[in-house]
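Throughout, the working numbering is defined as the position within the sequence shown, counted from one, plus 219.
Don't take every hint at face value.
[To be verified] Okay, the calculated beta carbon distance ranges per label pair:
1) Ile247 <-> Ile355: 22 to 32 angstroms
2) Phe302 <-> Asn397: 18 to 28 angstroms
3) Asp278 <-> Glu303: 40 to 50 angstroms
4) Ala375 <-> Glu282: 11 to 21 angstroms
[What the hints assert, rightly or not] EDC-like, lysine to aspartate or glutamate: derived pairs with alpha carbons at most 16 angstroms apart:
5) Lys307 <-> Asp325
6) Lys288 <-> Asp353
7) Lys365 <-> Asp310
8) Lys395 <-> Glu377
9) Lys331 <-> Glu359
10) Lys395 <-> Asp353
11) Lys387 <-> Asp353
12) Lys288 <-> Glu303
13) Lys387 <-> Glu359
14) Lys259 <-> Asp278
15) Lys315 <-> Asp267
16) Lys334 <-> Asp310
17) Lys315 <-> Asp278
18) Lys331 <-> Glu252
19) Lys288 <-> Glu264
20) Lys365 <-> Asp384
21) Lys365 <-> Asp267
22) Lys288 <-> Asp325
23) Lys334 <-> Glu252
What the hints contain is simulated information worked out from the structure, not anything from laboratory work. Beta carbons: idealized from backbone N, C-alpha and C, even for Gly.
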Amino acid sequence: MEDAYYDDLIESICSYLPNYQESLRNLIHNGYEIIGYARKSPTIENIDTRTRLLQAMVDNLHERSFTSKVYVSTCSYSSTPFFERDLKNKDCIIDKLSQVTGNTQDMLIYLKSIKHNVCLVSIDFAGLTTRTHDIIQLIETNPAIKKIAIETFTVANELFLFNSDSLKTDTELLEKFNSRKKSIQRSK
């Protein structure tokens, strides 16, 4: 790899990640629960490869974002609405993953059941959704979600922390979720 890439990576490790983690620590100190969400698109990968990649995402969410829970969609498109994901009861992959609380439907049930503030974290915007109206619907139907953090550390060396109210009113911020230019390897 090029030296410029390594220099950029080193700078990111030394500045972006610690600043992001300090923001998350402040949220935790202020009573927020940090919940992670990982999603894998349908592909031709075998179950072992899919499991390994999802586990890497789950591990990254726990290690870099201090999540107390991680929910996983083992096979859904980024454009699929949240309420339509993981409707089938049996998923052999999720049973093989460690430190996973449940699937998308389990997350939605949990979010509706709580009264405390939540910061929902995902790796890459498409890790949540590529549809802006799905983000709005998720926020509006789950008032516990006060913040959304998007970590693009492995690809763009950027980390985003959005206020839910700002996402509802600022179309420019919301537009970051609107499309996916290329597939992102979220399991790095």
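Hint check:
Taking 22 to 32 angstroms as the suggested C-beta distance range, the pair Ile247 and Ile355 conforms, at roughly 26 angstroms. With their beta carbons about 19 angstroms apart, Phe302 and Asn397 fall inside the hinted range of 18 to 28 angstroms. Checking the proposed 40 to 50 angstroms range against Asp278 and Glu303 shows it is violated: the Cβ atoms sit about 27 angstroms from each other. The given range of 11 to 21 angstroms is respected by Ala375 and Glu282, whose C-beta atoms sit roughly 19 angstroms from each other.
Distance restraint check for Lys307 and Asp325: the Cα-Cα separation of roughly 12 angstroms lies within the 16 angstroms cut-off, and the hinted pair is therefore satisfied. The hinted pair formed by Lys288 and Asp353 fails the criterion: a straight-line CA distance of about 21 angstroms is larger than 16 angstroms. Distance check on the hinted pair: Lys365 and Asp310 sit about 30 angstroms apart at the alpha-carbon level, beyond 16 angstroms; violated. At roughly 12 angstroms between alpha-carbon atoms, Lys395 and Glu377 fall within 16 angstroms of each other, so this suggested pair holds.
At roughly 11 angstroms between alpha-carbon atoms, Lys331 and Glu359 fall within 16 angstroms of each other, so this suggested pair holds. Proposed proximity of Lys395 and Asp353 is supported: the alpha carbons are some 13 angstroms apart, at most 16 angstroms. For the given pair, Lys387 sits about 11 angstroms from Asp353 by alpha-carbon distance, which is consistent with the 16 angstroms threshold. A C-alpha spacing of about 21 angstroms is found between Lys288 and Glu303, which places the hinted pair above 16 angstroms, so the restraint is violated.
In summary, the hint linking Lys387 to Glu359 is supported, as the alpha carbons are separated by about 9 angstroms, within the 16 angstroms threshold. Between Lys259 and Asp278 the CA atoms are separated by roughly 14 angstroms; this keeps the pair inside 16 angstroms, and the hint holds. This hinted pair checks out: Lys315 and Asp267 have alpha carbons roughly 9 angstroms apart, not beyond 16 angstroms. With a C-alpha separation of about 29 angstroms, the suggested pairing of Lys334 with Asp310 is violated against the 16 angstroms cut-off.
For the proposed pair Lys315 and Asp278, the alpha carbon gap of about 14 angstroms is at most 16 angstroms, so the pair holds. Of the pairs offered as hints, the one joining Lys331 and Glu252 holds, with about 14 angstroms between alpha carbons and a cut-off of 16 angstroms not exceeded. Simply put, Lys288 and Glu264 have alpha-carbon atoms about 26 angstroms apart, too far for the 16 angstroms limit, and the pair is violated. With a C-alpha separation of about 7 angstroms, the suggested pair Lys365 and Asp384 falls inside the 16 angstroms cut-off, and the hint holds.
At roughly 35 angstroms between alpha-carbon atoms, Lys365 and Asp267 are farther apart than 16 angstroms, so this suggested pair is violated. Under the criterion of a C-alpha separation no larger than 16 angstroms, the hint pairing Lys288 with Asp325 is consistent with the structure, at around 11 angstroms. Only pairs whose Cα atoms come within 16 angstroms are accepted, and Lys334 paired with Glu252 is accepted, the gap being roughly 11 angstroms.
Consistency with the previously given hints fails for numbers 3, 6, 7, 12, 16, 19, 21, ordered from lowest to highest.
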